[in-house]
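Residue numbers (the working numbering), protein chains in the order written: chain G, 1 to 385; chain E, 1 to 308; chain A, 1 to 293.
Just so you know, these hints were derived from the structure itself, not from any lab. Every value quoted in this text rests on a predicted model; they were computed, and no experiment measured them. Any given hint could turn out to be false.
[What the hints assert, rightly or not] To list a few chain E residues with every Cβ distance to chain A over 10 Å, as calculated:
#, residue
1, Tyr-118
2, Met-152
3, Val-235
[Said to hold, decoys possible] Covered by chain A, per the in silico footprint, the following chain E stretches (three or more residues, Cβ under 8 Å):
#, segment
4, 26–37
5, 54–64
6, 135–144
7, 165–171
8, 238–248
[Claimed, not checked] Residues on chain A that point at chain G, a partial pick, calculated with CB under 7 Å:
#, residue
9, Phe-157
10, Gly-186
11, Leu-187
12, Asp-188
13, Glu-193
14, Ala-196
15, Asp-197
16, Ala-200
17, Asn-201
18, Val-209
The C-beta atom is built at its ideal place from N, Cα and C for all residues, glycine as well.
What follows is the residue order along each chain.
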Amino acid sequence: MSDVSVARSGPSGATAPEGAERAAAVALHGVTKRFPGAGKAAEPVTAVDAIDLEIADGEFFSLLGPSGCGKTTTLRMIAGFEYPTAGSIRIFGEEVGLEPPNKRPVNTVFQSYALFPHMTVADNIAFGLQMQGVDRAETTRRVAEVIDLVQLQGREARRPKQLSGGQQQRVALARALVNHPKVLLLDEPLGALDLKLRQTMQVELKQLQERVGITFVYVTHDQEEALTMSDRIAVMDGGRLLQVGTPQAIYDRPRTRFVADFIGDTNLLTGTVVDASTARLGDGSPIRIETDRAEGSTVTVAIRPEQLGLRDPDHPRDPALDAVHGRVERLTFLGNATLYDVVADNDPTLRIRVRQGNAPGIEHFTAGDAVRVRWMPSSASALDD
Amino acid sequence: MSTTVPPPDVQPDFDTSPPVHGAGLERDAEKAASRRGFLVGLPSYAYLVAFFATPLLIVVVYSFASRSVRGATVLTDWNLRSYGRLTDSLVLTIAWRSLWIATLTTLVCLLIAYPFAYYLSTRPARIRAVLLVLVMIPFWSNFLVRTYAWRMLLGGDGPFTRLLEAVGIDGVQLLFTPTGVMVGLVYGYLPFMILPLYAALERLDHSLVEAARDLYASGWQAFWKVTWPLSRPGVIAGSILVFIPSFGAYVTPEILGGRGSTMLGSYIARQFIGSASDWPFGSALSVAILVVMMIAATAYFRAGGKNL
Amino acid sequence: MSVLEMPGAGGPDVAEDSLARPRRAVDRVLAGNAWLVFAFLYLPIVVLIVYSFNDNQRVGIWTEASLRWYGEMFGNARVMDALRNSILVAIVSTAVATVLGTAAGLSMERYRYRGQRAFDGLLYLPVIIPDITMAVMLLLFFVQTFDLIFLATGIQFSRGLGTIMLAHVSFNISFVALVVRARLAGLDGALEEAAADLYANRWQAFRRVTLPLIAPGVAGGALLALTLSLDDVVIAEFVSGAGSTTLPVYVFGALRRGVTPLINAVSVLMLVGSILLVLMSLAVSRGRESSGG
């Protein structure tokens, strides 16, 4: 029992054995989940397809993707609610793939919170400790501690129904954290909250994670949420991992069309490879882009709208920048910026969306104006597909 | 009891080729769960097999047996004679009577219950809850006693006959006639009609009717084009829930019916209780009625009914 | 929809109809019909209760109010025996059916296994089968089984309270299972996962989370079973033996011989009993609403 309170500092603390190379908090190797298809002759559905993933100790890690991408199934396999069809799931080096949930050192914050409606807030939070046989005094102490942590003082005797959505969310969090899990799993925990509360909770959750130092695995379909909170993000689609990296890396250097498109707004330009650092767009203009594709093959280039700038075409060209000429088709006023839809002069199928700030000194255009769209070659990334 | 899993298990040289569950390992875990579920249900299923499925089978077996001259059942001579007797004119008369009494009962229930359920569903929530409780109380009260009460009401010196006499209609007998039986059946099974109808109408989004009115439908048009079609599952469910027990009624015709109002239920009972016993024939009748019920019940489930 | 689905103060209040004027007449007709329906539902019950206090030997003729027939009822050994039998049968069959039915409901709703559909059918059949068919089935079954046991062992069993209990359990399992199942279906499956996630083993999760949450359903199912057992006359009439008459069977038999004021008093006793059960289940369903889920 006492080892739990020692573990208070989190597995990242001094409890890790010395000398040994520390195992990843969560390590998935070749994890696959197939569900039997609906109907008798139906093919099994592959929800998660041979995922390899290592989550470091103390990380705030997000699984991001559209609904049905396999992120929740992955989380449920880590929690133990589903067993993998194949593959290995390790938590701090220990294989748990086929262990039932109650034998795993992880806790979950459910999307629906799953607070026990027949118990008070305090009883809900104490549940896990009671199941582990923690003695009464210790339980009371730790429940009080975690209630302080999530600022629910004075609400201990309430029933979940008597709390607001945000408060229920905190109870769910406290109920999991009180067990000092080695890894905390969160399944879209902010999904049921309204926008304003969600933003507040994002900040609080991130601060909380930093304070307790526990590894968070966070499932969400909200890219903004993932970008704001995570140390690293794994983008999933169709049961596969498309890209794993820091929010910045994923945003700046998307590797696939899906990632570029799913996260943020993006422009996809198609070009023909000239050599390892040059390609030619459909309208013939050359651009600088790093690619390992063969000469003459097609390459898709992603550039974020805010990485583009508009200039009067009469200005002399800056040789450090790549550019395309076109005409403003439509503009949308956003307040702090304006969004321009530009059609390329030589290629009417090439439409580019440019986000230009509204600060003083920045040039402005109206529909029909001829413009030069330009960007730093380093802000363009070549996609794999 | 240990609290959390022991500290990170560290191997001297970290395993780079972790054990991969072969396909099927997780199936063992799932199979264990399936087995548990089966075991949880097993006592109940064993009970139902012993005291429901087996009796059902025995009725079917008996329906092929013969009756000895002295009324005993002979389990050596197997034949279809009992089924042949299903087309006897007496049986057909009784079956026909059961059918039209059950059908009329269903229609009368529908006619009374639909406007009632509609009225109920348009009341404010608080009143609605109270009114529904008032419907439930007789529904849960003892059926036999409720039916018996009508014997006093319909009797020769009961209020209904007196009322008819007062308006100048003399000599109308209600008790011990098919009409009396029908009144009893309607009374007994009306809640079976009200509740599904109410459920269907209450679920109905009232803004749909408003949308219809907005699109130039008159009140009646809105009802016929929107409310009625959307409440049809309730109509079907209620009709079948009333029809099934009415068709097989036994208690009501025994208490409120007379010689000319024997229904299938009582006719079956007569084959087992009393002197004229003929168990194989009674069994064949039971099997026949069961088949009719199964067809009706299948229609009910098709219509989207779930429990009662 | 279920018999037990108590009048929830469900959907939103229907707003005062803005198109009210032409509908006033329709509304009035609907309201009139509603009052008639309530009169229809309650008139027989009221008449029965009033006449049970009638002193006269003839049922239909009112002379003066008295408790005469209640006195006779409590002094009548056969009625009291039948009452005792009914209560005994109802309690025993309800207890057994509640345990078995709850297990069946759990097994149906929370697990998947082969053969489940067949069991599902077996569970639904007793609900839709007419009383008379069930009565015939069970009569033949007991006669046949007891014959076989006699042939095999020389021991002669006979029909009695035991057979009535067995019969009542076999239809009540289904009703309890249906009610429990409906309750389980309305329960967030994540609650049980949360219990497991919080280190509860299967038994602890059931005991601490599932059972308390389905308790109103179990209680509702038990009350339904109790009501159905006390209500049953057809099946009990067929499978009872000499000396094992239940109250409804006694009343049914007496009615065939003719109506006596004593039967009125017995009927009111039964009516009061069942109304008490309704009120109890209403209280249970109140609890169900407030406990949420």
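So, against the hints stated earlier in the document, which numbers end up violated here? 1, 2, 7, 9, 10 and 11
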